[in-house]
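Listed here are the chains, written in short residue letters.
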Amino acid sequence: MKSLTALAILLLGLAAGASLADDSPAAGATASAPPATLAWAAQEFKNTCSACHGADGAHPTPLPGNPPPIVAGQYADYLVQALTEYRDGQRQNIIMAPQAKALNNAQIRALAAYISRLPTPLHTLPRPDFGH
Amino acid sequence: MRSRIAVLIVACAALGASFAAHAAGDPAKGKVESQTCLGCHGIADYTNVYPSYRVPKLAGQNAAYIVHALEEYKSGARNHKTMHAQASSLTQQQMEDIAAYFSSLGKPYKPGPGAQP
Chain A
1 MKSLTALAIL LLGLAAGASL ADDSPAAGAT ASAPPATLAW AAQEFKNTCS ACHGADGAHP
61 TPLPGNPPPI VAGQYADYLV QALTEYRDGQ RQNIIMAPQA KALNNAQIRA LAAYISRLPT
121 PLHTLPRPDF GH
Chain B
133 MRSRIAVLIV ACAALGASFA AHAAGDPAKG KVESQTCLGC HGIADYTNVY PSYRVPKLAG
193 QNAAYIVHAL EEYKSGARNH KTMHAQASSL TQQQMEDIAA YFSSLGKPYK PGPGAQP
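Residue numbers (my numbering), protein chains in the order written: chain A, 1 to 132; chain B, 133 to 249.
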């Protein structure tokens, strides 16, 4: 219950402060329902993505032959790219394709924005000094 | 019923075996072998061109996924010219090593709402 309350507070804060336009959204978002808000994305993530990527997006289920990545905290525009490729068939995956086909551009952007904001172990290593 | 349990046991054993296969990477070797990766993946916010999007964060990613991604780039199942060229030069063992290295580097973080216990 406490975590539900925390989630609600977090989402309110995100909804208030969020700018979904910061990751060069692809054109062509449709206005079809349901609205692609962060609150919608949180629910969608919980209902669908979490089964394989973990409730927090950072503890994926180790599926042999098709291991899901940690998605929490990944760059939003990379996530948009991946979901779009799955949807449009450039990237083939027996699990992800049908999930992505259900999403419009605005929903993909909202999901990516939500996922990229989740706490994460992911980071970028510093590039080594190849120095001369 | 008994046969279902038997199937389950066999499936679990197979699962265990496949995890063991991915546990064989050597992170110390992977550190050396991944130097090339950092040319792009070692710059925060570094952007792929055509199409334009940031190259993904790899440190802390799970090893099985990294190996799988490299295998798909190598075979061409996943289409990316630069990554195909890079992955094509790697042996299976080197993929395992690189994956072991990157996956060993997860940063500490505070699990958020919805996190698993």
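If you're looking for bench data, these hints aren't it; they were derived computationally from the structure.
Here a beta-carbon is modelled for each residue, glycine too, at the ideal position from N, C-alpha and C.
A portion of the hints provided could be inaccurate.
[Stated by the list, open to error] A few chain A residues facing chain B, derived, Cβ under 7 Å:
no. : residue
1   : 47
2   : 74
3   : 78
4   : 120
Hint check:
1. 47: It is violated, given that the least Cβ distance between residue 47/A and chain B is near 12 Å, above 7 Å.
2. 74: holds, 6 Å
3. 78: This hint holds: residue 78/A lies near chain B, its Cβ roughly 5 Å from the closest one there, short of 7 Å.
4. 120: holds, 6 Å
The structure fails to meet hint 1 from the earlier list, while all remaining hints are met.
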